[in-house]
Amino acid sequence: MKIPKIYKISILILIIITLTGCNTNYKSLNDMSIISSLLIDKKDDKFITYIELYKEEKSENKSKKLSYYITGTGHNIEDAINNASSLISKELYLVHMNTVIFSKEIAQNNLEDVFNYLETKVQINSNYYILISDNIKELMDSKNEDNPILGEKISNLIKYSSNNGPMINYDYLEKLKNYVSNKKDIFLNKVEIENKNITIKNGYYFHNNNLVGTLNNDELKLLNLFSNFNNLYFTFKIDNKQYIIKINNCDINYKLNNEININLNIKGNIYYADKGLDLNNVDLIEKINSHTKYSLKRRIEELLNKLINNKSDIIGINNYIYKINGYQKLDMFKDKININIDVKTNKKGLIQSTLGGSK
Amino acid sequence: MKKSDESNYRSLTHFFSKALFLGIGIYKVLINARESAIFSLLIGTILGSIIIYIINKTSYYNSKGIKKIIMFILIYVLFILGLAEFVNLISSIYLMDTDKFIILLPLLIVILYLNTKDITIHMKVSKILLSLSLCIFIINLISLIPNLDYLNYLPLFKVNIKNILFTSLEFALYSSVPNIIYGGIKHNIKDYNKKIIISYLLSNLALTFVILLTQGTLGIELIDLFRYPEYIILKKISMLDFINNTENIFSFLWIFTMFIYLSMCSKLLNDITYTKFNNKYIYPIFIFISIYIINNIIFDNNIVSLFLINYLWLILLIILIIYFITNINSLKKK
Chain A
18 MKIPKIYKIS
28 ILILIIITLT
38 GCNTNYKSLN
48 DMSIISSLLI
58 DKKDDKFITY
68 IELYKEEKSE
78 NKSKKLSYYI
88 TGTGHNIEDA
98 INNASSLISK
108 ELYLVHMNTV
118 IFSKEIAQNN
128 LEDVFNYLET
138 KVQINSNYYI
148 LISDNIKELM
158 DSKNEDNPIL
168 GEKISNLIKY
178 SSNNGPMINY
188 DYLEKLKNYV
198 SNKKDIFLNK
208 VEIENKNITI
218 KNGYYFHNNN
228 LVGTLNNDEL
238 KLLNLFSNFN
248 NLYFTFKIDN
258 KQYIIKINNC
268 DINYKLNNEI
278 NINLNIKGNI
288 YYADKGLDLN
298 NVDLIEKINS
308 HTKYSLKRRI
318 EELLNKLINN
328 KSDIIGINNY
338 IYKINGYQKL
348 DMFKDKININ
358 IDVKTNKKGL
368 IQSTLGGSK
Chain B
25 MKKSDESNYR
35 SLTHFFSKAL
45 FLGIGIYKVL
55 INARESAIFS
65 LLIGTILGSI
75 IIYIINKTSY
85 YNSKGIKKII
95 MFILIYVLFI
105 LGLAEFVNLI
115 SSIYLMDTDK
125 FIILLPLLIV
135 ILYLNTKDIT
145 IHMKVSKILL
155 SLSLCIFIIN
165 LISLIPNLDY
175 LNYLPLFKVN
185 IKNILFTSLE
195 FALYSSVPNI
205 IYGGIKHNIK
215 DYNKKIIISY
225 LLSNLALTFV
235 ILLTQGTLGI
245 ELIDLFRYPE
255 YIILKKISML
265 DFINNTENIF
275 SFLWIFTMFI
285 YLSMCSKLLN
295 DITYTKFNNK
305 YIYPIFIFIS
315 IYIINNIIFD
325 NNIVSLFLIN
335 YLWLILLIIL
345 IIYFITNINS
355 LKKK
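Chains as they are written, first to last, in the working numbering: chain A, 18 to 376; chain B, 25 to 358.
Careful, some of the hints might be misleading.
Stretch by stretch, here's where chain B covers chain A in the computed footprint (C-beta under 8 Å, at least three residues) [stated by the list, open to error]: (1) 92-98; (2) 125-131; (3) 193-199; (4) 258-270.
Pairs of lysine-lysine, DSS-like flavour, derived with a Cα cap of 30 Å [claimed, not checked]: (5) Lys-88(B) - Lys-22(A); (6) Lys-25(A) - Lys-124(B); (7) Lys-194(A) - Lys-260(B); (8) Lys-92(B) - Lys-148(B); (9) Lys-346(A) - Lys-151(B); (10) Lys-176(A) - Lys-314(A); (11) Lys-22(A) - Lys-214(B); (12) Lys-292(A) - Lys-328(A); (13) Lys-88(B) - Lys-214(B); (14) Lys-260(B) - Lys-82(A); (15) Lys-25(A) - Lys-88(B); (16) Lys-151(B) - Lys-200(A).
These aren't lab readings, by the way, just hints derived from the structure by calculation. Values in this document were obtained by computation on a predicted structure and should not be read as measured data. Every residue, glycine too, gets a C-beta built ideally from N, C-alpha and C.
All chains should be built: construct the whole structure from the sequences, respecting the hints.
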């Protein structure tokens with residue numbers, strides 16, 4: 018059956034028109050306001066949302082990327098965002114959102130509202146971070162010329178410095194998974210202002226999605242160790258002299274007998290050593306290995322005790338036991354946990370010895 | 025049949041077996057069989073191969089009278105089921121604010137245009153899209169493997185055996201029933217049954233990878249939350265640190281699948297109508313009018329959508345039983 022050319026052309030034109038999705042709701046990029054970060058607070062039983070939007074400032078031949086905030090209040094987060102969006106003549110576009118930050122009060126009482134809202138916005142890219150701030154207003158005012166966009170600054174801070182710091186580089190889907198899991202608890206980083214700079218040093222941990230405590234910088238680094246992040250830096254002191262171990266690899270094995278045995282096989286190298294520590298001395302290297310081992314073990318035990326006291330399993334020990342056995346053979350809150358660490362350090366790189374060391 | 029035509033013909037199995045998994049099949053398999061999904065996939069594949077073996081023994085391309093009408097109804101139901109899944113996917117992912125009939129319009133036009141061509145053209149298109157699908161599939165596989173967490177596959181033996189067996193039945197029905205379309209296509213392939221079953225097994229292997237990738241990346245807890253977990257995992261694809269947000273491109277795999285499935289259903293419906301009425305305009309008019317009505321009753325109805333998620337297996341089982349009863353004669357002859 019031959020179809021005349023005119024019909025073929027009309028079919029093609031019809032397809033081109035309809036495939037663009039140009040219905041009555043057609044929107045161009047200029048009609049959208051791109052969100053960089055979403056900040057949520059609560060006051061007088063009402064949600065307040067501060068939405069950071071991108072704007073472009075053109076001067077002479079240059080254009081600069083900046084941001085500004087719009088604010089809305091409502092009985093729920095959706096309502097507050099809708100009220101905020103009514104202030105601008107454009108549609109809010111969430112796809113490129115970098116961060117969602119909410120206040121400690123929300124974390125204590127309304128965590129469910131936040132995750133409920135984010136789950137309904139599933140079409141958003143999931144590569145954004147969820148954080149807590151004790152002072153949302155202060156955080157909003159921390160923008161300066163060097164960091165004109167809050168969301169981008171925080172996102173980059175997490176992406177590019179998570180190895181050196183305590184930040185857990187997990188995106189929204191990972192957090193959501195811990196939130197819905199009844200075996201593993203959620204942990205969220207805390208974003209703070211220190212000397213007018215944004216820092217992420219501490220974090221909050223939860224039990225059954227209720228906020229139960231805070232973790233400091235060192236504790237968060239240990240948590241990174243359990244999360245299989247590589248290139249972590251730990252500082253130790255031996256004979257009043259400091260050295261830094263860069264952990265390249267950490268294998269974690271669980272052995273479940275009558276007790277929970279967690280074996281950590283750590284491989285790393287001595288990244289820095291104070292003057293006077295002779296890195297060519299085999300005895301000293303062994304001493305450093307042994308000291309690192311006991312020091313790390315003590316720190317991990319302290320962290321575990323803190324978590325056990327608050328009944329929080331952010332490491333996922335109980336989850337692991339359940340998954341491997343099919344039932345809760347052992348419970349980290351009831352049974353004894355033994356930490357066994359094996360540390361192997363080598364000396365790599367261009368430094369043969371430290372100043373004042375071997376000669 | 026030439027060797028190239030034969031491979032084109034066999035490429036259809038890949039799309040038929042996967043078509044009804046979009047949006048419903050993968051979600052149902054993982055929700056019912058949970059961590060034991062792998063067992064359901066294995067049992068389901070064996071069961072599906074048996075069903076396909078019997079289906080391949082039957083044919084209806086030269087059927088007449090009431091049998092022809094029944095076959096028309098069965099394929100039409102399969103066509104509508106596929107269309108419902110397709111339109112739901114597009115309106116959930118790509119065109120959220122667009123009316124569903126507007127979404128369907130270009131698809132129907134292309135399908136109806138393709139219907140005017142010989143069935144060998146369909147098969148050639150299928151082969152081309154299969155090659156493209158394979159490329160996308162390999163990229164998806166390589167990019168998603170680093171996101172897998174082996175704990176998401178455990179514990180293996182926690183799920184009730186009844187659930188595993190029921191999910192196997194569901195899997196077998198979703199993957200094998202669309203293959204009844206083959207019965208309406210004339211062929212002269214040697215060792216036909218063996219070749220189609222090998223194609224079916226290969227297609228199921230690819231499907232198993234997709235299901236296991238979804239399970240390993242998201243975990244059952246997150247799969248519980250999402251309607252299209254097979255699409256959500258594509259959000260995790262990130263290459264060279266700058267290729268992000270590519271889920272809409274990589275999900276084209278499913279669009280290709282649905283396009284071939286729907287165009288083949290439509291081709292058979294068109295051929296049946298044409299031989300019955302000897303008029304080439306009746307079928308396009310019937311499709312446009314019926315889809316317009318069905319769009320308002322079924323596609324825009326949440327209750328129907330929920331019904332399909334829960335009872336698609338039952339609809340497919342009924343289709344299969346009616347198909348066997350209708351074509352029992354051709355089975356006896358062979």
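Hint check results:
| no. | hint | in the structure |
| --- | --- | --- |
| 1 | 92-98 | violated (count 0) |
| 2 | 125-131 | violated (count 0) |
| 3 | 193-199 | holds (count 4) |
| 4 | 258-270 | violated (count 0) |
| 5 | Lys-88(B) - Lys-22(A) | violated, 35 Å |
| 6 | Lys-25(A) - Lys-124(B) | holds, 24 Å |
| 7 | Lys-194(A) - Lys-260(B) | holds, 14 Å |
| 8 | Lys-92(B) - Lys-148(B) | holds, 27 Å |
| 9 | Lys-346(A) - Lys-151(B) | violated, 52 Å |
| 10 | Lys-176(A) - Lys-314(A) | holds, 28 Å |
| 11 | Lys-22(A) - Lys-214(B) | violated, 39 Å |
| 12 | Lys-292(A) - Lys-328(A) | violated, 43 Å |
| 13 | Lys-88(B) - Lys-214(B) | holds, 26 Å |
| 14 | Lys-260(B) - Lys-82(A) | holds, 27 Å |
| 15 | Lys-25(A) - Lys-88(B) | violated, 33 Å |
| 16 | Lys-151(B) - Lys-200(A) | violated, 46 Å |
Hint check: violations occur at hints 1, 2, 4, 5, 9, 11, 12, 15 and 16; the rest are consistent with the structure.
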